[in-house]
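In case you want the letters, here they are:
2 protein chains.
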Amino acid sequence: MSPTSTTGSTTGGRRRAAVSVPDLVERARAGEPRAVARLISLVEDESPLLREVMAALAPHTGRAQVVGLTGAPGVGKSTSTNALVTELRAQGKRVGVLAVDPSSPFSGGALLGDRVRMQDHALDDGVFIRSMASRGHLGGLAWTTPQALRVLDAAGCDVILIETVGVGQSEVEIAGLADTTVVLLAPGMGDGIQAAKAGILEIGDVYVVNKADRDGADQVRRDLRGMIALADRAEGAWRPPIVKTVAQRGEGLDRVVEELDRHREWLAGGGELTRRRTRRARDEIEAIAVTALRARWGDVHGRSELDELAAAVAAGESDPYTAADELLATVSS
Amino acid sequence: MSPTSTTGSTTGGRRRAAVSVPDLVERARAGEPRAVARLISLVEDESPLLREVMAALAPHTGRAQVVGLTGAPGVGKSTSTNALVTELRAQGKRVGVLAVDPSSPFSGGALLGDRVRMQDHALDDGVFIRSMASRGHLGGLAWTTPQALRVLDAAGCDVILIETVGVGQSEVEIAGLADTTVVLLAPGMGDGIQAAKAGILEIGDVYVVNKADRDGADQVRRDLRGMIALADRAEGAWRPPIVKTVAQRGEGLDRVVEELDRHREWLAGGGELTRRRTRRARDEIEAIAVTALRARWGDVHGRSELDELAAAVAAGESDPYTAADELLATVSS
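If you're matching them up, the sequences are chains A and B in order.
In the numbering used here, each number is its position in the first sequence, counted from 1, plus 25.
In the numbering used here, each number is its position in the second sequence, counted from 1, plus 25.
No lab work stands behind these hints, which were simulated from the structure alone.
Ideal placement from N, C-alpha and C gives every residue a C-beta, glycine not left out.
Mixed in with the good hints, there may be bad ones.
[Said to hold, decoys possible] Some chain A residues well away from chain B (every beta-carbon gap over 12 Å; in silico):
hint, residue
1, Arg63
2, Gly251
3, Ile253
[Stated by the list, open to error] Okay, the calculated bits of chain A under chain B, using three or more residues with CB under 8 Å as the criterion:
hint, region
4, 79 to 86
5, 290 to 304
6, 307 to 320
7, 339 to 346
Just need the whole structure built from these sequences, with the hints factored in.
Have a look at this one:
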């Protein structure tokens, strides 16, 4: 075992055994849940081993379809995720689930609730479920989530669902990470203008009207159809379908999976898959590069160049642009 | 007039007259609303004149108290902002209001609603009101909002209120920008665990229980008091007060202003003001530096080094760490 591939770190008070990266990666590729979990923990802990892990995983990535699930609180996002997993499993697919909570930079841990509600699948070794808190880094989602995706991808997941807790910016970020974005709506969740304002009508590849047994479901569908019809679309562009579901009873999820398959084929056919994945890789490379620069600037270690520049700006002795120039001069030298 | 201080730009189809930065800054400092508005537009447009503007403003900044207002939808944030402005004006203070919508990277414009609801103050030249959409940049709030704050600060505002539309991450970002963060709650808005999860209980300097005439207001106050009592606090640390208001009728806002004043004194007394502002300047300098780097990496202009690295990562031929190393090598050379 080489020194770079082993560590005996202490995280959260627990003493951990030494790790061999090639061994872990081999076991994760064979679908061993503990190895997968351990690799994702290395991602969350920002372990120095990650360079080696990602290099080892790279040739085995690119197979999974990454599906983002977004929607306002109350549309039944958790129930839908659960029902979608059930449907995908019934079709014999291996499924990964990442529940991301970007609104909680303070909590380093997972959301108990996510684990509890997914207990239908807790004993199924064709399903990996992981809750992640994205911490307060500049990178946010851009940093940890794509790396966790790589782990699940290399571990042989056919489909990886990313669900975000919370609304707003994070929804848009999720769409940036996914191959296919599913936007959930439900009757009685506020008017169409609200939905438009949240931006979700511009990011959906598949729209799901959940709670379709309730009053108003047809109206939501009609409104959606109208808005989709209004959008400018190039020839050959994807036209987002609308599927009605009652996730609580597992109804309509087969149609959702059909649309996911159809979208995947469309993505692969026209080169859009490569474009989306290249864009995702760009963001990921940038986030890593910027984090490395921040470390150089002294973001982590005590008094630094950046601190001194910031003090001058705070005192009105300098302005942020001049300070940024001086900071960049330190990188280039 | 020097060539660097003039421009005749066309933005959004409108032809604009040439600008003299020294002249604009002088007029803004004298409190001329049109000059202030124009400077904030330069911020929103990411004008190349900003370097000159910020250098000219720097010596005149640092006087205003920046107050962040956060709270879940439905607590009466807009009404409270409006009532707080009324109270501050009654005390003869000059007030700036920035309404930021970070959830809307798609919309470049202001929110009509914000302007409408603030119409009480539309004709008062002691109040500057501005809605800003933070676009989809890496910097997000970190980029445009602090620069708009500098403009309002130099224009002689005593207090600048920043209100964010939306919840989650943006709330935490607002707290990072503010000297004083006011967290609004109201009865009937969900249980305490929800509030804790959103992280808002860890960022408040002043808590306001709005709609205090409704059932359950005392319970919210008791819950809050309990949580505040539980928090670890060093000696001499600020203990967040809880104020009850009925913003709709303007009740209790005088107490909120008292607490803002008290917090300001505390901040100035112990050096915390300088610490907070230095941290804010750090983030701002970093956001500018990172944006400059992204431009070098070819974020804006066509095919680039970064695009090629991203394509290799997307194809599984490289991994993001190796690619980030190669990217950084181009900066240092």
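Results for each hint:
no.	hint	result
1	Arg63	holds (18 Å)
2	Gly251	holds (18 Å)
3	Ile253	holds (16 Å)
4	79 to 86	holds (count 7)
5	290 to 304	holds (count 4)
6	307 to 320	holds (count 10)
7	339 to 346	holds (count 8)
Consistency note: the structure conflicts with none of the earlier hints.
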